[in-house]
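Construct the entire structure; sequences and hints are all you get.
Same order as they appear, the protein sequences are chains E and X.
Heads up: the first sequence begins at 1 in the numbering used here, then just goes up one per residue.
Heads up: the second sequence begins at 1001 in the numbering used here, then just goes up one per residue.
Everything labelled a hint here was simulated from the structure, so no lab data went into it.
Watch out, some of these pointers could steer you wrong.
Said to hold, decoys possible - Distance ranges between label pairs, derived from CB positions:
1) E:Ser333 to X:Glu1107: 28 to 36 Å
2) E:Arg312 to X:Glu1141: 53 to 61 Å
3) X:Met1111 to E:Glu285: 43 to 51 Å
4) E:Asp175 to X:Thr1067: 26 to 34 Å
5) E:Gly240 to X:Leu1070: 35 to 43 Å
To be verified - With a straight-line Cα cutoff of 30 Å, these simulated DSS-like cross-link-like pairs (lysine-lysine) come out:
6) E:Lys155 to X:Lys1006
7) E:Lys238 to X:Lys1087
8) X:Lys1087 to E:Lys151
9) X:Lys1006 to X:Lys1017
10) X:Lys1087 to E:Lys119
Quick caveat: nothing in here was measured; it's all calculated off a predicted structure.
For each residue, glycine too, the CB sits at the ideal point set by N, CA and C.
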Amino acid sequence: MDSGGAQNLIDETRETCHRPPPLGAGDGMFRGYQSTIHYDPPTMTSPTEWVELSLETTPELAEAISDALFPLVDGGVSLEQMNRTEGTADRWEDEAASGPVIVRAYLEKNEQLAERRSKVEQTLFYLNMVQPVPQPKFRDVAQSDWSEAWKENYKPLRIGRRLVIRPSWISPDADAAHGIEIRSDDIVLALDPGMAFGTGLHPTTQLCAAALEDVVTPGMRVFDVGTGSGILAIYAVKLGAASALAVDTDPESVRVTEENIAINGVASSIEVRQGSFDVPQADGEPYDLLVANILAGVIMSMLRDGLAARGRRFVFSGILDTQADAVVSEAESRGLRLIERRQMLDWVGLIFERA
Amino acid sequence: MAKKIKSTVKIQINAGKASPAPPIGPSLAPHGINLMMFCKEYNARTTQQVGYIIPATITVFSDNSFTFILGTPPTAQLIRKAAGVEKGSGTPNRQKVGRISRKQVKEIAEMKMKDLNAIDIDGAMKQVEGTARSLGIDVVE
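Laid out in structure tokens, this is it:
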């Protein structure tokens, strides 16, 4: 459905409504809406807790509600539709889910919560005047509610030629049950990626791991920019690098990487810092190898800002095949020479050295 | 190989800004979806559209694998960007806040064609024009 009407409604609401909707106003499903919402006072300031608004509605109305809520909530809106039919489809596009839609939106629990919630309520109130909007449910959610959920599907896996990644909560005894047979020259890495990038499942991590196997030589100094879970820095050291500096702008990543280097017994060889490729460095010497598995746009921007000066050899990934030429030409204009281009699905890994 | 579809989740988020925070974390994690995998895929594939809302429709299969397709930004957002205005008019019948050309309407209609219930480009353009009117944005030749 088109979003125009709903969008307009929001704008109208914002411009004309400076007072809360009158209590008891509205009809049908809207009645009692204000009085039944239970709300904890906004005492928490932690960014890891939110209030979730959810309501079940038809697909058409869901789009309008989503458009209306979007500018008022954190991050965006999700619309979940459960499949009621039992069929299967050869092409999944042919079989759309067909049940009711659950709209979910989130507000961070902080001092603005009451004010923002009241704007959301006003918006739903005005939308309800156009077409009946089901009564929303509110509940508190915390990051811990979902940060563990995906772990169920995270199993030991083999990537590159020698790397076995074993989730840190899974016992080595369970390897066989997961179809993993450890060979004598395998490197086993225990990992809890938490909410950081680098689980080993993504093609870009696999491209980088395989590239490290080919370019890491004993005694190297390695710089892992955008380390995520720390997976590539740890693997580089396990492959013989003398030391690694792992940086990430995300504090969660720094925390997770510190845990992972401890689990894998390489804490003395890896320094973890919050920041980017330009973190201050005592000796200023370029690293023997710089690995950055981020995104094409980020890598190109770092190249423009002097990334090439921080290494001698480079492994870049997080790049789609359609973006690779642009990254190569940016790197070449900064004095790097392409040695190898590798591809997995539509993801590319690039190996450069300083010309 | 045909797999049974468990559910679909459509996430409306800003291009290039996916993170495991809400709405992605609490909406996708219960389906067993690897959040960081999704964020990496979404952010890489939407870097060209930063500044727009790019919906992702995620199809979750019974074995918890998933695939997703990217949609187009909401029509209203495309019109506001084309007109160079932050927001629509509160009283679109009386107060006009901007204007766009027929050529821009056609560009937006072409981009939104697959999402609109229109049988041809003229029908899609009519819908776009209707949305523009409701925002208080005039369509000029």
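Legend entry - Enumerated hints in conflict with the structure, sorted upward: Of the numbered hints given earlier, those the structure breaks are 7 and 8, listed in rising order.
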